[in-house]
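Asker: Sequence:
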Amino acid sequence: MKKEKDVSAGIATIRTLLKYLEHDKSETVQELDANLKKAVDVMRNTDFPVTAVASGSELFLRFITLAALDVKTFAECKKIMLHRGEFFLKKLMEARGKVGKLASTFIFDGAKILLHSKSRVVLCAMEEAVKQNKRFEVYVTKSAPDSSGLVASQWLFVERNEKAVLCSDRKFQIRQLYPLNQRDLPDEFKYPASMLKSDVSKLHPLVDYTPPAYITHLSPILEFLTPSARPRGPLRCVSEELEQQLSRNGKFELRAPLQS
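Going by our numbering, the sequence shown opens with residue 13, and the numbers climb by one from there.
Keep in mind that the hints are not guaranteed to be accurate.
Below, a list of computed lysine-lysine pairs in the DSSO-like style, where the Cα atoms sit at most 30 Å apart [to be verified]: (1) K130 with K102; (2) K90 with K49; (3) K102 with K31; (4) K124 with K49; (5) K110 with K124; (6) K103 with K143; (7) K113 with K50; (8) K31 with K50; (9) K15 with K113; (10) K110 with K130; (11) K103 with K31; (12) K91 with K102; (13) K154 with K130; (14) K130 with K209; (15) K91 with K113; (16) K50 with K103; (17) K113 with K154; (18) K146 with K113; (19) K143 with K15; (20) K154 with K143; (21) K130 with K146; (22) K209 with K154.
Keep in mind the hints are simulated off the structure, nothing from the lab.
Sequences are here, hints too, so could you generate the full structure?
Answerer: Right, dumping it as structure tokens:
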């Protein structure tokens, strides 16, 4: 990731697992599964975003085992897994552009956009809007770990002015967690792995909980969804739908954005 700045932690995780799968010397599926999980644990203990690492690895492992592995030898089974893994990675590499095109429909001439931190997917959406000859203004918050005042001012701006908040991301960076507030977020998602053994109460979290009431749309690869506070809501639907579509003859079925 240091050499390829445009590669996200999720994509790097899947690349790593695919390379590990290619060179692993296991002799049974059970042994291979155990080794892959050990590799995931090692990556989760790095200082890269654990959300992308955990979600990307879980989806990758689930997808490569969705095939009917009714084969006679382990070598054939492993060959199928490698093929599905390469296909999965290829589709996710294309996801950013597809989400960007869908999300760009929500950017209109004269729009004023408040962008918190940085996002390759959001940047892609803006690039698509520029290609459509749209003119808009973008305000970016500093969002350093200790800039709580800037984060608070953003929340006040959204709440008092009732501006729409759109969330765009590739599906594999979405985790199925249902916290009620910032305290409910597991520490591994809020702090670097190297800091978890220290007194995290004195550290500023890397991520903040955003209540569903402040999110207008979720913009994953499939469609725009309105958020829901109900457990097993749209995030789970996105996960299952993507896996089903990936498995359905190896094709994506993109839907038009929902009208608000």
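Asker: With reference to the structure, classify each hint as holding or not holding.
Answerer: So, going through the hints one by one against the coordinates:
{"no.": "1", "hint": "K130 with K102", "in the structure": "holds, 24 Å"}
{"no.": "2", "hint": "K90 with K49", "in the structure": "holds, 16 Å"}
{"no.": "3", "hint": "K102 with K31", "in the structure": "holds, 14 Å"}
{"no.": "4", "hint": "K124 with K49", "in the structure": "violated, 44 Å"}
{"no.": "5", "hint": "K110 with K124", "in the structure": "holds, 23 Å"}
{"no.": "6", "hint": "K103 with K143", "in the structure": "holds, 23 Å"}
{"no.": "7", "hint": "K113 with K50", "in the structure": "violated, 37 Å"}
{"no.": "8", "hint": "K31 with K50", "in the structure": "holds, 14 Å"}
{"no.": "9", "hint": "K15 with K113", "in the structure": "holds, 27 Å"}
{"no.": "10", "hint": "K110 with K130", "in the structure": "holds, 18 Å"}
{"no.": "11", "hint": "K103 with K31", "in the structure": "holds, 17 Å"}
{"no.": "12", "hint": "K91 with K102", "in the structure": "holds, 17 Å"}
{"no.": "13", "hint": "K154 with K130", "in the structure": "holds, 9 Å"}
{"no.": "14", "hint": "K130 with K209", "in the structure": "holds, 28 Å"}
{"no.": "15", "hint": "K91 with K113", "in the structure": "violated, 34 Å"}
{"no.": "16", "hint": "K50 with K103", "in the structure": "holds, 25 Å"}
{"no.": "17", "hint": "K113 with K154", "in the structure": "holds, 26 Å"}
{"no.": "18", "hint": "K146 with K113", "in the structure": "holds, 13 Å"}
{"no.": "19", "hint": "K143 with K15", "in the structure": "holds, 28 Å"}
{"no.": "20", "hint": "K154 with K143", "in the structure": "holds, 27 Å"}
{"no.": "21", "hint": "K130 with K146", "in the structure": "holds, 21 Å"}
{"no.": "22", "hint": "K209 with K154", "in the structure": "holds, 27 Å"}
Violated hints, in rising order: 4, 7 and 15; the structure is consistent with all others.
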